[in-house]
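Same order as they appear, the protein sequences are chains C and W.
Residues in the first sequence are numbered consecutively from 6, following our numbering.
Residues in the second sequence are numbered consecutively from 65, following our numbering.
Calculated directly from the structure, the hints in this document are not laboratory data.
Even glycine gets a Cβ: it sits at the ideal position worked out from N, Cα and C.
Heads up, some of the hints might be wrong.
[Claimed, not checked] Below, a sample of chain W positions facing chain C; criterion: calculated Cβ distance under 8 Å: (1) Arg-563; (2) Thr-575; (3) Met-602.
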Amino acid sequence: MASDTHTLEADLLDRVAAAPDLQALEAERVAVLGKQGAVTALLKSLGGMTPEQRQVEGPRIHALREAVTEAIAARKATLEAAELDRRLATETLDMTLPVEMGPQGSVHPVSQVMDELAEIFADLGFSVATGPEIEDDWRNFTALNIPESHPARAMHDTFYFPRPEGGGDAALDPGFATNAARMLLRTHTSPVQIRTMQAQQPPIYIIAPGRTYRSDSDATHTPMFHQVEGLVLDRGIHLGHLKWTLETFLKAFFERDDIVLRLRPSYFPFTEPSAEVDVGYTMVGGRRVLGGSDGWMELLGSGMVHPRVIAACGLDPDEWQGFAFGCGIDRLAMLKYGMDDLRAFFDGDLRWLKHYGFSALDVPTLSGGVGA
Amino acid sequence: MKFTLSWLKEHLDTGASVGEIAETLTRIGLEVEGIENPAEKLAPFTIAKVLTAAPHPQADKLQVLTVDAGTGEAIQVVCGASNAHAGMLGVFGAPGAYVPGADIILKVASIRGVESRGMMCSVRELELGDDHTGVIELAADAPVGAAYAAWAGLDDPVIDVAVTPNRQDCMGVQGIARDLAAAGLGTLKAVDVKEVPGAFPCPIEIRTEDPEGCPAFYGRAIRGVRNGASPAWLQQRLKAVGQRPISALVDMTNYIMLSYGRPLHVYDLAKLEGALVARRARDGEEMLALNGRSYALDPSMTVIADDVHVHDIGGIMGGEGSSVTEATTDILIECAYFDPERIALTGQKLGLTSDARTRFERGVDPAFLDAGLALATRMAIDLAGGEASEIVRAGTPPLPDRNVDYRPARARELGGVDIPAPRQRDILERLGFGVEEGETWRIAVPSWRRDVDGSADIVEEVVRIHGYDKVEAVPLPRAPSVARPTATVEQKLERKVRRTAAARGFNEAVTWSFIAEAEAAPFGGSAWILENPISEEMKAMRPSLLPGLLAAARRNRARGAGSIRLFEIGRRYLAEGERPALGLVLAGDRKPRDWRGGKARGFDAFDAKAKALAILAAAGVPVDNLQTLGGASGVYHPGRSGRLCLGPKNALAEFGELHPSILRAFDLDGPVAAAEIFLDAIPQKRASGHMREAYQPPALQAVTRDFAFLVAGDAPADALLRAVRGADRQAIAAVRLFDVFTGEGVPAGQKSLAIEVTLQPGEKSFTDEDLKAISDRILAAAAKAGARLRD
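One chain only, chain C, in its complex shape:
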């Protein structure tokens, strides 16, 4: 009897393994485990056995049933997998076909640099101040110690608006004179110094980036450009603090430790002493790269805020002193990122914007670095 079941098992497993497809396998399953199936018949035979016989045959027949059931399931999985493979083989697509990934936007270099400046100066404790671009003559010139007859005015190439009829608002400005209310396009960001000192008590630590205008247009000048102003007004601030601040700022901005500054005595009506600041550069592949000191380029103007400017804003120049500086933002961008034509900044050429622009996620941070 035992050898019978063994022979039967071997035979059944062979047949299951030989089933060529799912249909044939199902036929085998019915033939073995179905109502009329061979193993079912054996199970049924248990009923007519003596308890002793059953004790011997029972486990043997159950084991047979189990082995066959498992074999069928395993064969079924194999056949199904083969079937799926066959189907997938017919579904192949050309994965080299190009896809549209959607438009790639960009942030303008001027905006990027302004964000970088805000980040660097925030760490130094400066906040960002703003002011109008259509400014009055008093704040753009007179309050900055540039009276009407001052030769420096002629150097500013100012855009003016027609005089308003009946003059301006005398209550608005101290030192109001006929021309003081004349409106113009600010020629520098320095009037933001005036507005800040008029509006808040020191200590003042600000930068003021923004658009500025001069009626000048050639290869290196555009009638509109961007400047950043810096102002510190506190107690005991001196030229050494100015030097450190500019050095620290430029090292952080250009992400180089070999930035070398040279302060040169100069003249600005609103600072005393005044300093023109040169930065050392090296030539790399025909381009000037800041760092080192193969040569010097003029980068920014600065100085200690003139006592008259402090007084014009209603503060006591004997109590408060500090420094101011101004620098071209477009110029900073060009030196850092290598653009060579200022006029292209304002053309809106998509090719240029995509080449020199920044990804939306290139947000300057102190931890990630301010250079993208």
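Knowing the structure of chain C, use the given hints to seat chain W on it.
Chain W alone, transformed into the frame defined by chain C:
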């Protein structure tokens, strides 16, 4: 300000090299913009003697010369100048020499069959002047074979210094020498004034009737002058610094001006009638100036006039009518002091610049009138002969007695550098300041330093001569903590919308703030028109960001861009002020033609609306509460545009397809969609801590129900959606329109709007009765909004 090294050495006793001098000048604030030695480019040229001169066998106008250039051989040279003759001395260039005025390198050449081994040069060929009528002929004692430039005194470097407007004292060589001496580069030579006694009374009356504009007018006559060309040394010096020699007397005034910063004027006495008076100009007066232009004068200006004519726009430019010529025999030298403010305003008004104006408007030394006049008289007589009259002094120059209180500690406190008091005193005295020591020093400011009037100025003087390079960098005081955020709410908003727009595929542009008036007109016109624009295209401050972006879009189209998504963040310049805005423009293909998507399609108003909403959402606007209302500006298609409003009054944005007339005006093919977001209109939550409301996800699954409503064809969908959303605020979580249909099955003049309503159960699941009740409320609300359920 240009001067030569030899000129400087007449005022400064120094052994310093040009390099040292230039380096020092820049270091003390007199920035050297260039150093040029004319001898360098003339180095290959030597003095040569013409031995023989014979006609060229093949050409009438040429000569064949043999010259001795000191090399011991006779060199054959073909020469085109008719003045070349045997025995003359000239300037010779050998093969290999670069001829600067002709921009050629000399070669051994055959000219009409005759070999030429060099060239005899003209003045123009050596860039020494304009003369090209013949070759240079030198004096008979010129040493043959010697370097020409050195012999001719041309080996004298020209230094060009950018003098800042506060330093009029350095607009003369003497002042520059003083600064260099203070910086330790030599010893200043005192001005050597040799008075010329007056031999007769001044024959002309001199007065000032405008003591404000011309407080002092000194003058004296010289009679019996012969005004020819000035001597070579003077001509050479003037030419070296870019001045054109005119005549001895005119050259004298320029020389004194350049040497001492003291402008002068010389009149031909014979051309003056009656008294010479400084006075205000009268309305209608005109003067033909020395530059050949005529200027209309007015009473705000100070002039020098005789009984009949105006002869000088005081301190700016003399008149043609009384100018000195070669025929002049008697002259009057004017040495006056003009008010700097007056000069500046007159100069600005007339648009007239001159070397005299540049100096007077910066304030010349008021104590140098007598010295200036004496120097001028002496030099005029030296150059042109004659006999000087007595001096007439009308008025007195303003000599402010300026003293500044100063503590030497200020150098440290403001300048950031410790400088010992004796060193500070030494610097100041070398610069001409008087120092009276005490607890506080009393500093007497020299008459030529009009720019110094406070202790900050003294700090600058001391520190700049001591050296800015000695100022050590000192860190700013810093809070002992992580840097605090500094950006304002407005600044953060701007950053957010900028980076959202960029993330959504827009390229940020920066366009001009000023546009053409015609471009501004359809946008309501510009409230700010420049008085002095650079061009008509840059005249009106923009009332909207769209014109600049549309112009950029047009340029990009012209360059072949297929798909244009541009944005800009900037200000609109309105009558009431400057308002921040974000403008965006969508032009060309929304999607290019594509193997998956088929044909390309353009942008429409809904694209602009979607982008505007996305940006507003990033700006923190509750976009679900926004209403889309009509009434966008006329630059948009009237039926395909709208305003996104928070409440009926507050429009946060406008969007739409642009009006065909705008497209035509900007030369764009359509459709072009655009939007403008008014950043100042976006309400900003002021920070109130970081904690958010507690969130509990709903326990039960939401269910959806679909409805199709019929509404009038022109009814806004938004009205129905709002009505449905409001039907049951508790149960209805969302309402979404998923189909708009007109056509078969929908009555004419109506449209079918299919919406999906999401219902969110609270604690318990909805019963059939609940759902029925909600559905009824929805239908009722829809009916109120003019919609009925589609059968």
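We went through each hint and held it up to the structure:
no.: 1; hint: Arg-563; result: 4 Å, holds
no.: 2; hint: Thr-575; result: 6 Å, holds
no.: 3; hint: Met-602; result: 6 Å, holds
Of the numbered hints stated above, none is contradicted by the structure.
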